[in-house]
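Trainee: Using the sequences and the hints given, assemble the complete structure.
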Amino acid sequence: MQQDKNTAVVSVLGKDRVGIIAGISNLLSEYNININDISQTILDDIFTMVMIVDLKDVVIEESDISDKLRELGDKLGVQITIQHTELFNKMHRI
Amino acid sequence: MINEFEILETMKMFSEQHLDIRTITMGISLFDCCASTPEESCQKIYDKILRCAGRLVEVGDAISKKYNVPIIHKRISVTPISIVAAASGAKDYTMFAKTLDRAAKECGVNFVGGFSALVQKGYTKSDEILINSIPEALASTDFVCSSINLASTRTGINMDAVRDMGRIIKLTAEATKDRDAIGCAKLVVFANAPEDNPFMAGAFLGPGEPECVINVGISGPGVVKHALETVKGEDLGVVAETIKKAAFKITRVGELVAREASERLGVPFGIIDLSLAPTPAVGDSVARLLEEFGLETCGTWGTTAALAMLNDAVKKGGTMASSFVGGLSGAFIPVSEDEGMIAAAKSGSLLLEKLEAMTCVCSVGLDMIAIPGDTPATTISGIIADEMALGTFNNKTTAVRLIPVPGKGVGDSVEFGGLLGMAPIMPVNTQSCSDFINRGGRIPAPIHSMRN
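Residue numbers (the numbering used here), protein chains in the order written: chain F, 1 to 94; chain P, 1001 to 1452.
Simulated from the structure, these hints should not be mistaken for lab results.
In silico DMTMM-like links for lysine to aspartate or glutamate, alpha-carbon gap of 25 angstroms or less:
(1) P/K1232 with F/D45
(2) P/K1065 with F/D54
(3) P/K1012 with F/E62
(4) F/K5 with F/E61
A quick note: this is a predicted structure, and the numbers were derived from the prediction, not measured.
Mentor: Structure representation (structure tokens):
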């Protein structure tokens, strides 16, 4: 997965259903956020999708994206969070 | 490369294991707010706090959203008011407390610490005024916290101040008796108080600190407990290693948030306080974490050993994760704020004497413990004296935050609500120590204070 200073991790946890990826990619494109990578897997019986997205040309306040994704998650019945990539680099890499 | 496992692990830490940044505390020096009248000094204090901390809450919230990391509190610590108010000529410092309270409310923070005095060797006139103002100051404000440093390894113990603080704690309880003596929850006495502590009620900005600084306190007993659940039955070397790894990850989150807050606010980053600070929420308890070591109930034999190891391993993992570690750093063992401690105290397994032993190896001291309202002031001073001795002679920070609840006795409990939680009234040894306390004077510094 490509990571640099302007990327964030969008993670989706919950039950799989139609329209999750479509919904999220629509929302992201609306704010000019490019998806660099997507992977999905089943971990501990939970559907997990992880996207690395590029915030370089984003046209919305960072804190607002987080709210928009949470609202979308509520609608789709899954938990969607966006976290800046730096968090994971700091926690899991020396 | 970040993998899904790490992402999922991180998310669970926040969602299920209560990992959070407990507080971003902005330290603000008030040295330039001294003035020849109390009115002028209070105006300067108010203006300066608003100027420095006006954006603190907004920035904290923005960082919280960027990383999806809960940041529970935004707080302010200031230069001890006994120093700032000394030149003002005021005979009572309650108006300074009210000014701090007003400024805190305007900034949107939930506590401001620094209604404080450093009296380990003796009183200035101003220290005396401040200490006598504490009951009224804490009764007439909501967000102001007060702390008094009574002892240090370098200077010994100011037993006059220990005697006086027993009385002041009783008066503070009396002044806030309509709210179960909540004033005492905002009042702490220290030995070897750290000058950069971001945690309340003991936060103040020491005289050696910069103009303005960001200190961050982290938390996460739930994360460490969860990590220990994966090594059930393994030997204690494995346990220590597991705690270190968890502490490393927790501290890195704190470091990230601190650096970003410092950058956004244009204020230097001071320290990370890598503490395990419990809350009354289930799953966020230091007592339950100790029980995970293999103890039936916190307070039984083995508790002190487990706590010593926990405290040490947290520091070892944390110091690797951040270059600037300070404050209190270690495991907190407040009774009312910890669901497992409350249960252990209620069951009779956890007694005041055992808590005292635990404070020899934890990061602070006897914290948030409710005692009978009829406990004499000299007995409270005796408890403080013992705790100060532990800190002074063992070269560590210790503290006492006791709540003698008027009208209540053993078997009753007291409910503060929120993060302050609830506490069963714990029994106190009723034999008198008043002749000892009333001697006054100073306990000389221990021989190992002479290091030069």
